[in-house]
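As they're listed, the protein sequences go chains A and B.
Residue numbering for the first sequence follows this note's numbering, beginning at 3 and increasing consecutively.
Residue numbering for the second sequence follows this note's numbering, beginning at 2 and increasing consecutively.
Treat each hint with caution, since some may be false.
[Unchecked claim] Quick list of the computed label-pair ranges, beta carbon to beta carbon:
hint, chain 1, residue 1, chain 2, residue 2, range
1, B, L133, A, G463, 53 to 59 angstroms
2, B, D67, A, T191, 43 to 49 angstroms
3, B, L42, A, A479, 19 to 25 angstroms
4, A, R494, B, R111, 52 to 58 angstroms
5, A, R498, B, L13, 38 to 44 angstroms
6, A, W469, B, D67, 47 to 53 angstroms
7, B, D32, A, S412, 49 to 55 angstroms
8, B, L125, A, L490, 20 to 26 angstroms
9, A, L57, B, L13, 26 to 32 angstroms
10, A, N7, B, Y31, 40 to 46 angstroms
11, B, R111, A, R288, 25 to 31 angstroms
12, A, L23, B, L125, 34 to 40 angstroms
These are calculated hints, taken from the structure and not from any lab test.
Glycine included, each C-beta is placed from N, C-alpha and C at the ideal position.
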Amino acid sequence: METLNFLMQGFDVALRPTNLLVALFGAFVGTVVGLLPGLGPINGVALLLPIAFALGLPPETALILLAAVYLGCEYGGRISAILLNVPGDAAAIMTTLDGYPLARQGKAGIALSLSAISSFIGSIIATCGVVLFAPLLADWAVAFGPAEYFVLMIFAIACLGGMVGDKPVKTLMSALIGLGLATVGVDATTGVYRFTFGSVSLSDGIQFVIVVIGLFSVSEILLMLENTHAGQQAVKASGRMLFNFKEFGQTVWTMLRSAVAGFVIGTLPGAGATIASAMTYMTEKRMAGDKGRFGDGDLRGVAAPEAANNASACGSLIPMLTLGVPGSGTTAVMIGALTLYNITPGPLLFEQQPDVVWGLIASLFIGNVILVLMNIPLVGLFARMLAVPNWILVPAIAVVSLVGVYAVHSTTFDLVLMIGLGVFGYILRKLDFPLSSLILGFVLGEMMEDNLRRALSISNGELGILWGSPITLALWALAALMLALPGLRWWRNTRRRVRETAAETHPAP
Amino acid sequence: MYVRLFAAIWLLACAGLAVLAWSFEAPFAYDPVGPRAYPLLLLALMAAGSLWLLVKPKGEPTPAIDWAMARKVLLCIVALLAYALLFEPLGFVLSTALAGFAMGLLFNGRLLPSAVSGLLMGVLLYVLFDRLLDVPLPLGVLELMEG
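This is chain A alone, in the form it adopts within the complex (with noise of 0.2 angstroms):
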């Protein structure tokens, strides 16, 4: 009941007209990045973050503009996917499957329609489970001392490692250095300056705004040089534009199912859309059997992974509210966000911030009615955004990256600063280490050194506090199940691949 009212009240904040306003144009933006090639959720939320602030937007109404950005995304993603057959951003991969020869048999418009309504029902489905899971979470997690979240954070990253899959070293290096970034500049607790060089600009450490934007805007302008489906011809959307009441009946069941698993993803730290888009797929293509079409154009190709991607992005702000973890890259950048307006997020927020937790949630609501009403009708128009050619585009990229950096200090220094993050995380792109794993750990790394700190300071050196409850045992557990995992993987597909080999060179009499 206690609920209901903080949602009541959420709603009195997400109906302000400038927050109305605000969503509005954060779920437009949101769909245009969404579905252009190589521009995803990050950044777009990096792009607008430190305008926002430069703006000085209110904390709610920013993160509601951010949390509509990145619902946007979730459901731009798909447009490019169905027509293009190239992915808008990374959690759209699985909607290219069935997505594409589905225009190409002139059923588009459709595979169009039912997907918004997929992404739709995942984002309320998963939204109603924030509603109710959240709060109850938030209370447990009051309970947390410093060395409870100092084990958290390694879960999480652990978490990282394990979810990613096949490349579990890199991803923990990546979080590892992303760690490292964030111990740049003054130690908080002795004054001594760490890492800066003697360079005044370094002193208060890296900018968020900077790593964020360098690592994403300005790597993914160099590895656009190398974008080949330019020109390419997108489908033309035409014949009948709207679903009907049979395929709709088709796919409801997946979609409800697919939104339950995506938003359970979700919530885990370090798991986010892309592995709930695939696992739902594979799920489901296997559930359907012989009688599927998938891979040739199954409508429920397109409505698992369209449900499951924007269920697990909302199931992802519960780690990010609750405990101050994030569940997503693009979670990452929100938390930062909310330290830009020195909120700290975690389990006090309910408490002491119910304005700007509840105003997200309701707008949340607010959000997915808004794009489900904008993506349907408007879809001509998103479709028109795929023929914008690059060599407006990018160069458009860069002086919103450069206007965001400067807008924080003002300086050449973070411009150039910028850049060479970007140069290094184009290098590390191109070696494959995942760039989401380093933002969540560049995001973590202040909170971790702190809170072990602090679990120390607390028992006067004795390191035994970090595995003396049950709560910090019980984590310990769990981080090392996750760093398990990949080896398990691995054991169980050599062993396959033994049993193949022993199985062709001993046919079966």
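Guided by the hints, dock chain B onto chain A, whose structure is given.
Okay, now just chain B, sitting in the frame of chain A:
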């Protein structure tokens, strides 16, 4: 191959940074950990990771460097750096026009359209950010004209 090279360089960097981190000492012990332990712990873990990658660079082999592409990337970095360095002295409008033009050409735009789009971007985005949205941007040499 390139992963190995990167891991080797990173290992050296870790060693160098560790030497640097060793000198972080608080004049007075505020807390039992001090400013030095945590960075050293991170560097040790990173060094272990680098060693692993050096010995066992698993995964897809990184494709060989395409030198024509590398030249383009380098030119793009130079353009961005020039843009950053000229941002304040030349002012937003002029530096953006130049950068928009140069990058437009790099991304296979034609001469005249790139120049026009660069100039338009400089003027329109200046009006949008500085005048409408109140995000202050440098005017640079144009300041004289305004005065």
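* Mind checking the hinted window 34 to 40 angstroms against the Cβ distance between A:L23 and B:L125? => At roughly 21 angstroms between Cβ atoms, B:L125 and A:L23 fall outside 34 to 40 angstroms, so the hint is violated.
* Asked: That 19 to 25 angstroms hint for B:L42 and A:A479 (C-beta), does it hold up?
  -> With a Cβ separation near 22 angstroms, B:L42 and A:A479 satisfy 19 to 25 angstroms, so the hint holds.
* Is 25 to 31 angstroms a correct range for the gap between the Cβ atoms of B:R111 and A:R288? -> Taking Cβ atoms as reference, B:R111 and A:R288 lie about 50 angstroms apart, which means the hint is violated.
* Asked: Is 52 to 58 angstroms a correct range for the gap between the Cβ atoms of A:R494 and B:R111?
  -> Distance hint for A:R494, B:R111 holds at roughly 55 angstroms.
* Range hint 26 to 32 angstroms (beta carbons of A:L57 and B:L13) holds or violated -> 44 angstroms, violated
* Between A:R498 and B:L13, is the Cβ distance one that fits in 38 to 44 angstroms? -> 40 angstroms, holds
* Holds or violated: 53 to 59 angstroms for the Cβ distance of B:L133 and A:G463? -> 56 angstroms, holds
* **Whether the CB-CB distance between A:N7 and B:Y31 falls inside 40 to 46 angstroms** => Since A:N7 and B:Y31 have Cβ atoms about 44 angstroms apart, the given range 40 to 46 angstroms holds.
* Asked: Is the gap between the beta carbons of B:D32 and A:S412 within 49 to 55 angstroms?
  -> The hinted range 49 to 55 angstroms is violated for B:D32 and A:S412, with Cβ atoms some 35 angstroms apart.
* Take a look at whether the Cβ-Cβ distance between A:W469 and B:D67 falls inside 47 to 53 angstroms. => The hinted range 47 to 53 angstroms holds for A:W469 and B:D67, with Cβ atoms some 50 angstroms apart.
* To do: Starting from the hint 20 to 26 angstroms, judge whether the C-beta atoms of B:L125 and A:L490 obey it.
  => Violated - the Cβ-Cβ distance for B:L125 and A:L490, about 55 angstroms, lies outside 20 to 26 angstroms.
* **Hint check for A:T191 and B:D67 - Cβ pair distance inside 43 to 49 angstroms** => At 48 angstroms between Cβs, range holds.
When the structure is compared with the earlier hints, violations turn up for hints 7, 8, 9, 11, 12 and for no others.
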